[in-house]
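Next come the chains, spelled out residue by residue.
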Amino acid sequence: MSEKNKVVTGPGPALAGLRDGMTVLAGGFGLCGNAEFCIAEIARLGPKHLTIISNNCGNQGQGLAVLLKQRQVDRVICSFIGGNPDLAEQYAAGQVKVELSPQGTLAERIRAGGAGIAGFYTPTGVGTLVAEGKETREIEGRRYLLEKPLRGDYAIVRAAVGDPDGNLRFYRTARAFNPLVAMAANVTVAEVDRLVGKGQLDPDDIHLPGVFVDYVFEAHEHENPIEFRTTRARP
Amino acid sequence: MSWSKEDMVRRAAAEIVDGQVVNLGIGMPTLVANHLGPERGVMLHSENGILGMGPFPFEGAVDPQVINAGKQTVTILPGGSVFDSALSFAMIRGGHIDLAILGGLEVAKNGDLANWTVPGKMTTGMGGAMDLAAGARRVVVLQTHAAKDGTPKLVDTLSLPPTALGCASRVITELGVFDPAGDHFRCVERAPGIEEAFIQQMTGAPVRFV
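As they're listed, the protein sequences go chains A and B. First residue of the first sequence? That's 1 in the numbering used here, and the numbers climb one at a time after it. First residue of the second sequence? That's 1 in the numbering used here, and the numbers climb one at a time after it.
Be aware that one or more of the hints could be misleading.
What the hints assert, rightly or not - Below, simulated DSS-like cross-link-like pairs (lysine-lysine); rule was C-alpha separation at most 27 Å, straight line:
1) A/Lys-69 <-> A/Lys-48
2) A/Lys-69 <-> A/Lys-97
3) B/Lys-121 <-> A/Lys-134
4) A/Lys-148 <-> A/Lys-134
5) B/Lys-121 <-> B/Lys-148
6) B/Lys-121 <-> B/Lys-5
7) A/Lys-148 <-> A/Lys-48
8) A/Lys-69 <-> B/Lys-121
9) B/Lys-5 <-> A/Lys-97
Stated by the list, open to error - So the derived label-pair ranges between C-beta atoms look like this:
10) B/Ser-169 <-> A/Val-7: 20 to 28 Å
11) A/Asn-186 <-> B/Ser-4: 30 to 38 Å
12) A/Arg-143 <-> B/Pro-206: 24 to 32 Å
FYI, nobody ran anything at the bench for these hints, they're computed from the structure. Note that CB positions come from ideal geometry on N, CA and C, so glycine has one too.
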């Protein structure tokens, strides 16, 4: 069989090559859409001096914040620190370097990294602290900022459904950064709530083609923590 | 008498034209949604990846994987859609969001907005604020007129790091409605009983009244 078998039994075989000093991209938004089993495996394996690219790098002591607590992280590229006391404390203490990127710029930098784009001009951040040290250019009467792509060694991705070819389908707002980070890493690991057989996903229903995915495994009983459980009264 | 928070939120809701696509910032702007009945046909955008965001779910119907940008559990209305963050911000920067109502720390007379960080305080990061401020077709800022010690928050030039330059079309405060007009603020509405002289005293830049 010449076809690469992407299906693994769990995060262990998929993340075995993770080493000190590597860069890991993580999908999700806050604690929603996290590759919980991959994060737990990185915590167990214990590589240090990691760079994490993620919108939040965990929150409220959970998710990727576990790696911060274990002092496995040297550098974080993110858009938001609020609600993440571990990151705030280690950043304030100079233990972790933080590069803040506006959320849309972060998303597009990751997309560019996966799409072979060397940079892009965005209006976001012109005239702000984000523009420091970056080229600005006027194009058709408006000023733009040159932003460079982001890539990493590993991407950890959470999806609702996957198949043996690595095709993925996401669920609701658990999508966010997941399909983007999947495109931008040397090795992409997807943990899926449900692994279906080849051909079971309709081609039109695939959100991310398997070409971007190297390993896929099924994982059950995700915690899916809620940061703010807000409800309204029934009428 | 100056407007209550509730009055300000209601006044902000009046900025929305029926059928518009609107992004509401975290904090007070989020409350604007309470004043948008379904008859108005307003589509709410949440930058983590929802167009057609609905109200908070009923108890017992909470889905941990349906959240807004403030990480609160929400719902998705019929006709709503979900998408990734790159597409979400393409909507914002690409001019597909008609209006963003954002919180503010300072607005300058030329429309410069500061709302993401205060030097010397731990930053939370800008999240999507810079993209929204730079990208939405119209930006309305909902904020208090002055700090508790009376320091104006409608100013001549920003003292805080900007979020975006020249982006704010309108500021709604407890004292009234103000449009940055280059070298002054144009006061287009005053809260009941608020004198022009008091507004000028509380504002860090010239105010002209209509």
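We went through each hint and held it up to the structure:
no.	hint	verdict
1	A/Lys-69 <-> A/Lys-48	12 Å, holds
2	A/Lys-69 <-> A/Lys-97	15 Å, holds
3	B/Lys-121 <-> A/Lys-134	25 Å, holds
4	A/Lys-148 <-> A/Lys-134	9 Å, holds
5	B/Lys-121 <-> B/Lys-148	17 Å, holds
6	B/Lys-121 <-> B/Lys-5	25 Å, holds
7	A/Lys-148 <-> A/Lys-48	25 Å, holds
8	A/Lys-69 <-> B/Lys-121	22 Å, holds
9	B/Lys-5 <-> A/Lys-97	38 Å, violated
10	B/Ser-169 <-> A/Val-7: 20 to 28 Å	53 Å, violated
11	A/Asn-186 <-> B/Ser-4: 30 to 38 Å	55 Å, violated
12	A/Arg-143 <-> B/Pro-206: 24 to 32 Å	27 Å, holds
Going through the hint list in order, the structure does not satisfy hints 9, 10 and 11.
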